[in-house]
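K.L.:
As a plain string of letters, each chain reads:
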Amino acid sequence: MPVDPSIVGRSFPPTRPYPVTAEALRAFAAATGGAWTGGPAPATFPIVTAFEAMNAFLEAEQVALHRIVHGEQRFAYERPVVEGDELTATLTVTSLRQIGGNDIIGTTSEVTDATGALVCTTGATLVHRADGSEA
Amino acid sequence: MSLEPRTFTITRADLVAYAAASGDHNPIHTDEAVATSVGLPGVIAHGMYTLALAARAVADWFPEHEVVTLGCKFTSPVVVPAEGGAEVVVAGEEKGGEDGLTTVALTVTHEGQKVLGMPKAVLRRA
Chain A
1 MPVDPSIVGR
11 SFPPTRPYPV
21 TAEALRAFAA
31 ATGGAWTGGP
41 APATFPIVTA
51 FEAMNAFLEA
61 EQVALHRIVH
71 GEQRFAYERP
81 VVEGDELTAT
91 LTVTSLRQIG
101 GNDIIGTTSE
111 VTDATGALVC
121 TTGATLVHRA
131 DGSEA
Chain B
1 MSLEPRTFTI
11 TRADLVAYAA
21 ASGDHNPIHT
31 DEAVATSVGL
41 PGVIAHGMYT
51 LALAARAVAD
61 WFPEHEVVTL
71 GCKFTSPVVV
81 PAEGGAEVVV
91 AGEEKGGEDG
101 LTTVALTVTH
111 EGQKVLGMPK
121 AVLRRA
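Heads up: the sequence lines are chains A and B, in that order.
Under full-length UniProt numbering, the first residue of the first sequence carries the number 1, and numbering increases by one thereafter.
Under full-length UniProt numbering, the first residue of the second sequence carries the number 1, and numbering increases by one thereafter.
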């Protein structure tokens with residue numbers, strides 16, 4: 001089922017604050033074959049909270065996650081994420097196109113810290129594969 | 001200036017660990033049956049996994065810098081076999097930047113094919 005075009009421009013509620021622990025940073029770095037030994041978080045770490053916002057959006061729109069393929073992701077940082085941050089993401093749907101029965105969904109998430117200051121803005125393009133796209 | 005290319009190997013176990021660490025539990029990254037049911041050639045790496053490898057290379061090349069912007073399109077999936085792993089090569093070209101910024105144009109390939117569209121990082125000295 002196509003995504004409802006009226007969602008463009010809609011913002012979803014902020015995610016619950018995500019505590020950036022040393023354990024979470026170590027696990028994220030280790031999963032990508034690296035090591036976190038203090039200092040700034042891996043650059044793509046804010047995806048953790050941005051992804052939670054995306055999941056909430058997809059659930060609200062009753063879109064099955066396994067039909068989503070990631071098309072594009074961009075980050076613009078005000079500062080690096082560090083241990084002790086509490087991050088919250090607020091997602092806005094910025095665009096929606098339908099091509100060949102697939103929905104191309106543009107989103108922007110603002111990731112803020114416990115003081116409300118912007119840490120990074122991240123844009124994602126999500127491709128929602130239509131039911132008929134099975135091989 | 002060309003930067004020394006970095007080679008990484010992605011295994012299915014890595015994708016399971018990344019799903020847990022990132023919260024991205026899309027089963028197309030861990031379950032062959034689900035992946036093929038939506039028309040994919042097999043289990044594919046999270047696009048964000050591959051971008052994280054690109055960010056690792058950038059952090060290795062520029063340990064004194066912090067990232068200002070980072071992004072790419074995910075143009076071709078990295079299929080990760082059940083046995084062994086998938087190799088990803090991250091190459092980079094350092095460009096002169098303005099206002100003390102350094103731009104790194106990246107090329108990320110799997111089996112000789114580009115998998116990220118125009119991946120790029122902009123850095124500043126921390």
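The hints are simulated quantities; they were obtained by calculation from the structure and are not laboratory data.
This one's a predicted model, so the numbers in the text were calculated from it and none came from an experiment.
A portion of the hints provided could be inaccurate.
Stated by the list, open to error - Think about it this way: if two alpha-carbon atoms lie no more than 20 angstroms apart in a straight line, the pair counts; the simulated EDC-like pairs of lysine to aspartate or glutamate are: (1) K120/B to D4/A; (2) K73/B to E83/B; (3) K120/B to E78/A; (4) K95/B to D60/B; (5) K114/B to E78/A; (6) K73/B to E59/A; (7) K73/B to D99/B; (8) K120/B to E32/B; (9) K120/B to D99/B; (10) K120/B to E83/B; (11) K120/B to E4/B; (12) K95/B to E64/B.
K.L.:
So, for every hint listed, does it hold in this structure?
P.N.:
Quick rundown of the hints versus the structure:
1. K120/B to D4/A: 33 angstroms, violated
2. K73/B to E83/B: 27 angstroms, violated
3. K120/B to E78/A: 17 angstroms, holds
4. K95/B to D60/B: 17 angstroms, holds
5. K114/B to E78/A: 29 angstroms, violated
6. K73/B to E59/A: This hinted pair is violated, its Cα atoms lying about 24 angstroms apart.
7. K73/B to D99/B: Roughly 26 angstroms separates the two Cα atoms, so the pair is violated.
8. K120/B to E32/B: Distance ~31 angstroms between K120/B and E32/B Cα, so the pair is violated.
9. K120/B to D99/B: 17 angstroms, holds
10. K120/B to E83/B: 31 angstroms, violated
11. K120/B to E4/B: 16 angstroms, holds
12. K95/B to E64/B: With Cα atoms ~17 angstroms apart, K95/B and E64/B stay inside 20 angstroms; holds.
Hint compliance for this structure: hints 1, 2, 5, 6, 7, 8 and 10 are broken, all remaining hints hold.
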